[in-house]
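4 protein chains.
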Amino acid sequence: MIYLFGKLVEEPVDHPIIRPSINAIAETYDLAEREPELATVISPFTGARISRFLHICESAIDLVKQNKMQRKLGQNTGTCFQRCVGMDALNALYSTTYEMDEVYGTDYHQRLKKFIAMTHTYNYVIGGAMTDVKGDRSLAPHQQQDPDMFVHIVERREKGVYISGAKAHQTGCINSHWLMVMPTMRLGEKDKDYAIIGAIPVDAEGITYIYGRQSCDRRSMEGGSIDAGNANFGGQEAMVILEHVFIPWEYVFMDGEYDFASMLVERFTTYHRRSYVCKTGLGDVLIGAAASIAEYNGVERASHIKDKLVEMTHLNETIYATGIAASYQGYATKSGAYICDNMLANVCKHHVTKMPYEIGRLAQDLAGGLVVTMPSEQEFRHHKVGELLQKYLKGKAGIETEDRMRMLRLIENMTLGRNAVGYLTESMHGAGSPQAQRILIARSMQLAYKKRLARILAGIETTKNKEEIVEELSGYFARVFSLGQNENNHL
Amino acid sequence: MIYLFGKLVEEPVDHPIIRPSINAIAETYDLAEREPELATVISPFTGARISRFLHICESAIDLVKQNKMQRKLGQNTGTCFQRCVGMDALNALYSTTYEMDEVYGTDYHQRLKKFIAMTHTYNYVIGGAMTDVKGDRSLAPHQQQDPDMFVHIVERREKGVYISGAKAHQTGCINSHWLMVMPTMRLGEKDKDYAIIGAIPVDAEGITYIYGRQSCDRRSMEGGSIDAGNANFGGQEAMVILEHVFIPWEYVFMDGEYDFASMLVERFTTYHRRSYVCKTGLGDVLIGAAASIAEYNGVERASHIKDKLVEMTHLNETIYATGIAASYQGYATKSGAYICDNMLANVCKHHVTKMPYEIGRLAQDLAGGLVVTMPSEQEFRHHKVGELLQKYLKGKAGIETEDRMRMLRLIENMTLGRNAVGYLTESMHGAGSPQAQRILIARSMQLAYKKRLARILAGIETTKNKEEIVEELSGYFARVFSLGQNENNHL
Amino acid sequence: MIYLFGKLVEEPVDHPIIRPSINAIAETYDLAEREPELATVISPFTGARISRFLHICESAIDLVKQNKMQRKLGQNTGTCFQRCVGMDALNALYSTTYEMDEVYGTDYHQRLKKFIAMTHTYNYVIGGAMTDVKGDRSLAPHQQQDPDMFVHIVERREKGVYISGAKAHQTGCINSHWLMVMPTMRLGEKDKDYAIIGAIPVDAEGITYIYGRQSCDRRSMEGGSIDAGNANFGGQEAMVILEHVFIPWEYVFMDGEYDFASMLVERFTTYHRRSYVCKTGLGDVLIGAAASIAEYNGVERASHIKDKLVEMTHLNETIYATGIAASYQGYATKSGAYICDNMLANVCKHHVTKMPYEIGRLAQDLAGGLVVTMPSEQEFRHHKVGELLQKYLKGKAGIETEDRMRMLRLIENMTLGRNAVGYLTESMHGAGSPQAQRILIARSMQLAYKKRLARILAGIETTKNKEEIVEELSGYFARVFSLGQNENNHL
Amino acid sequence: MIYLFGKLVEEPVDHPIIRPSINAIAETYDLAEREPELATVISPFTGARISRFLHICESAIDLVKQNKMQRKLGQNTGTCFQRCVGMDALNALYSTTYEMDEVYGTDYHQRLKKFIAMTHTYNYVIGGAMTDVKGDRSLAPHQQQDPDMFVHIVERREKGVYISGAKAHQTGCINSHWLMVMPTMRLGEKDKDYAIIGAIPVDAEGITYIYGRQSCDRRSMEGGSIDAGNANFGGQEAMVILEHVFIPWEYVFMDGEYDFASMLVERFTTYHRRSYVCKTGLGDVLIGAAASIAEYNGVERASHIKDKLVEMTHLNETIYATGIAASYQGYATKSGAYICDNMLANVCKHHVTKMPYEIGRLAQDLAGGLVVTMPSEQEFRHHKVGELLQKYLKGKAGIETEDRMRMLRLIENMTLGRNAVGYLTESMHGAGSPQAQRILIARSMQLAYKKRLARILAGIETTKNKEEIVEELSGYFARVFSLGQNENNHL
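Residue numbers (our numbering), protein chains in the order written: chain A, 1 to 491; chain B, 1 to 491; chain C, 1 to 491; chain D, 1 to 491.
Be a bit skeptical, because a hint or two may be false.
If chains are identical, the list can't say which one is meant, so a pair holds when it fits in one copy or spans any two.
To be verified - Derived pair list, reagent style DSSO-like, types lysine-lysine, alpha-carbon separation capped at 27 Å: (1) Lys384 <-> Lys334; (2) Lys306 <-> Lys464; (3) Lys306 <-> Lys466; (4) Lys384 <-> Lys114.
I should point out that these hints are in silico values taken from the structure, not numbers from a laboratory.
In this text the structure is predicted, and so the values were computed from the model without any measurement.
If we strip away everything but chain A, and leave its shape as in the complex, we get:
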């Protein structure tokens, strides 16, 4: 059941607001056809060619290739194509279930592998459902007035468990085949019933989807093709409400092992924070749009215009470089699955919470004020007013007025409109808000090790203490100075 604007949506595929989000996912399949090296792999489970989004990474290069595919899809759609959460969730679960089984003697890892093999067989789209609605953020799950503020097990039966709760702003959930339900944060002993991971088909009984509205969403319903800005592609986020939804044991991958919730969340965010390299593809589009509108306005040769395009590029490539560096510095977990570098993944995502806003600001600078004051497409199509607009919105000779309008609407779309949701605000909060990254950076920054470097150079007599030795042999700098991880991979 999907609700949108107070109504049940009978046929999502035909809904003009939902359609662009489906097109974006469709492009992940189309790209797989056109560029199989980039967007597919041979499944080690089935031997068939499947989407790279379903692949468990077997090398650092596999991680890097995800980033390259993400950038290309960002370029091709100018929006969120909604498949990274599922990809990163499967990879994070792969190693977490392995280590859970080691500790508890459970068989989650085997179950998960069967599930993954099934997704490979059908080349499915998997959505990851992590973000609980959270209620009062200063309280733990079990402390909330209403226990349903975090998804939890409400009943255990012979064949499986029943869960209730809600997941907010779930990217692409309606366009998925299966949803992977996961906890959203570190849990304590009293939160045991909240320690549930399981897969459910998107049309399972008890699920209600409430579609999230986006800035300028109504424009997709107006019938034209200009004012939407990017008429073909858009993101999708909905609230998923789970009322007593059943999960059979074969699809349960955590049941009460609360002490592994933080491992799952941290591994997921490690993958997912560098997945935001996708935004560099959107950045490429926006840089192209800004360069185009400067050309249409006749100012592309001004030195300050060129310099702003350089600045946009510098920022965009910083996101790309920090993201792929996290992937290239990836290493094998015990399960054999590769995971990227935690520090650099957080550095990447932290830039993503700022740089797209600055790129967007610069795009608006180059666009000129018309980007927010332009009359509607209906005026442009009007027999009399349309003529006036044809005349007065003309830019440089040789450029169609309509093309200039289209380019301005695309910039509006990405900085204020439907795809600003994904390019800006989701860049801020997806995979954790800015402060979440700062906490992770703080945790990895190995001050004891660095303090000793300073003390030695300052000439302060010092013998290493235990904390420093531990920091030297493990953690971030162990990876920085490791030379081997890329040499042992499958290439």
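For this one, chain A is given, so just place chains B, C and D on it according to the hints.
The following block gives chains B, C and D in isolation, referenced to the frame of chain A:
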């Protein structure tokens, strides 16, 4: 004739998209009632109490009071109240016509005073129509393929002139009584017919208004009160098309004196760039909204939350301080009208092209992702889905779910929606795009004077050259080290 | 007793490291001769013309004039001229003693007025001694292991008190006639003996000065005139150690009134934080130096060079504007002395902790790498090597090689050398480190008032609560919307 | 012949200013002993274990390993260890000579290989001499008034060539065994005599070294161990004057092929700009010093202190990530030698021109004002004054006063003193000033390709033009979407 969504608007006052912009102007009258000291003056022309927006500044303190009124109106409306262009245009014209008359023996200044007296009599709203559509920005007005890319005189008759052309994104034009048409940039001798300043009633024959659409404008037509974010107030910008519009001589204040176009434009922007202090009022609202949503989410005590509110405040007050400094450093023109400091006005506006974007970004940080994924008001009003949302969108105990939704919609409104147009993009381009300020700063920065300071301290033997002496006795530093300007004013 | 490089300095005036700091103070007297309007006032105590640095402000314009004098002196010396602490201390004491007397019936205010009159009679230099050495910063004065970590009364006698302790990095202390000893922070009841304010002659018994060394200080002892960068002018900071120093009652202005320590400190910092407008004078010099070296290198016409000079100016004028805005918004204390606006003074100083660093960075950008790799003046004076340098360090035709070297050394001086101490690090920490300003901004930002603005516009039904009403009628916004303060002043 | 402070240096090894720079180079040999995996390779020319600094990269991983070695050496020395120029020069020459030979049938590549083999045999230190003194920067080499402003061939003889000119700020030149002389920029046909590349022993006849002075260099001559900040390690830059210096043909690797000068320069800067990863090692030291001083002051638990350490780390890791990303994306040149990605190398270096300044500013923030006002070591060693300082400069209990002083001096050293030269100003200008990177980014940013992405999404009908096709198949995006480069390497 006003067009919107391809239709002629019969009664603008009743149109749900136009209405909020009228409310914003109405608040300038309401404030005049409630706080007459702040928002009115006694007209030296009529002796009656009139809006401060119609006043010619007689002291630096008059300039400062404009800023204080602007901030208050920004706080009360959270949008652009559309009257500053007219205010700043009248002030700029006052001194420019005076100095034109001195050179050319014309009587524009007397005509203007009569016009101003008339506006005082009726306490009118005056709109300023400056920004031409410009066509190819690399060409001068007379070089354009289509001569109408800039407004110009197409016919001179005994009783007056006829003009044609178009003015883009005219703030509050439909809500004004009169429009003051002015050139938009420095003109050359061949642009003589483009050197026209004149006043026209908004409903003059030959005028067509094409309403500019704003991000999320359709929400104002949905009938609810939540999703619009700020249901009562909004800005207004329209394209004004002038087809053979008549202006009688008594309302003509420049006719061919092309060499005074740049003086008019520069004085106008000097006033108008520090008028962007209004945005600090919007900033106050957005800081309040961010603090509120942090409270509703239960995180207002986190140190990073408090620090972000401090940062927002620091930025907002920087705009305010640089703006009022420009006003306080104001000085008398030959006509007696006071004008603010050019350098500091440009410094103020240049910050306005960046800081609101950063304040907006921080507000989105504090809001959380829900600000862009929240279901529509119609879901909330739906008998069944509404209940689910009541339950699952609940924040801290004691806070109504609806209040939390409303606060998030206000933040969306100011960072992506209708009022983001005014708070962000118009902050970028209104009164000149960022590069325009950098050019003005470059022109005022008196490098010869500063180079000599350096040469003296570096011990390089130096005698003042002529350029340095001129720079020392005039320009920005003459004002910096002047002690008298505020002492001679009316206080 | 003054110690420097492990030796007692017999004659400070002749010491090549101390001399430039004396020259800087001398310029405050010279400017008084050359520009009496800017740098002097008629003393209301004595009727004689005295330095503006000794004046108690009687109007907002008096506050502004301090800023203008500060900028000029910064331009003329390129360094810290060391008199603002005393000026701001006298002003802060003037109103604090007045209000202390009101509460406690003491006569500190009368004593202070006599003291001020005496300083006017002799046109003295007053140093302010505030910054205690502090020991463990997480402990209050009375909690420190060693009680002398903060200056305190060690003995009370019939004729006065004896104090001990030390004040760190005291600007210009050796160049002063009197030092005003003051507490450095909020004190509690147990810190009563630390609540001491009193004036002592700089050569009082028991005082030891330990000269602080500065970056590149040795260059002032090398005998040349190039490598020092700014051979004539430099700052001075020393540690002042007070061992059982006597203060007679007539020079005691607080003795145990610990609850007024925070008022004194806050008023002092309110004045002093906007006194950092002096750094805009240094900024003018550095902008001039950067423009000069670009000219000497033959690149002054490159667009990126011009743009960087604009950026430096934009930052520099932001400091100026926020500083004078704080002064212009000044208001009368109960004592009649004017004080500047607290919020804006903190905004000003907070920019000062960042912008000079960025201006310095840009100056180094324009300078080129030679600024840090240039051979010494002794090479340049060497008969053979000097010729090689003459040839190979030549820039544009018509520019002396020596002048190019001098300009580079000036830039080095202000970004890495002796005057970088004042331009950069002292800009960071003087009058309180960055976090101190953020705390003050947090305290003044009136969130209750702003939250209500947001709630009203969001359509959340609300009645004012008490906290909001208080915030509306007092605090920062009371001053923002006050129209009267400047009208009642002496102008 | 080495000149310093106007005197000929007889024995550089014993000179207290030069010694720390020798120690820094020595650490490259010591590290080779301690961590051979990191700092050595087996020479493919000789089969012996040699310094990695002499290695021609045979894979992308080889490039990455250079970065890891650089960071470690930065951590161990806190300064510039002076060997990267030579390393990057050899690599750039390797592929450039190969391609020159292809075009001109010369045998430079074979000569170079012989030279490299010889350096491997002796495990030499190679310095690269590129930066000409340039004179008037707006003129080409052959246009300069004095032809010696750029190094050029002054005579051709049977056995070789004679060159004259000067190279400014040559890093580590005196500590090298051989210098590789190279052109510094793109050359035209008239600059043919300036197109000279050749190797010369550092003590060749006709060479004069004039030592560059650094901020606070005199402190290394004072005899103590505190005030220098980092007593053991320092950088070295000198001006190299070449008067009729002979190079035999076997050491000449370019002679007149002016059209290959830009290839050499661009390849060199591509390597060298990402070599600035070394500064992250210095950043680690400075972060450690800032964390230490916060601890010594007793404030390490304050949330703003922790947040500033996070910020410093975020910036430092951004440099690291962008640098190694450039290396990981490396690819084979025709010669087989690997080169890193040009765009990302420039992005890395461009951050290096800003972020160390901000890291340094934050370190000064945490240090407190004492970092620039602390008395000299001689005071501390003085029998009486030393006791006072012991008492009054005490921080937290358990921390030695001397240790606190040492840590402050280290921070001073890296932000204002000797090593600020390398950490800040050389970060700005080494391997090209900021604008040089912006020009390279502009050249690589492939706007035609990006514009088309925008036009497609905006719905503007478009067929690819030739420029777009070329851009798609080559340049930066060809590398972005290439999946193979790392798979074919030697791992």
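Verification of the supplied hints:
1. Lys384 <-> Lys334: neither (70 Å within a copy, 47 Å between copies)
2. Lys306 <-> Lys464: between (52 Å within a copy, 23 Å between copies)
3. Lys306 <-> Lys466: between (53 Å within a copy, 22 Å between copies)
4. Lys384 <-> Lys114: neither (64 Å within a copy, 38 Å between copies)
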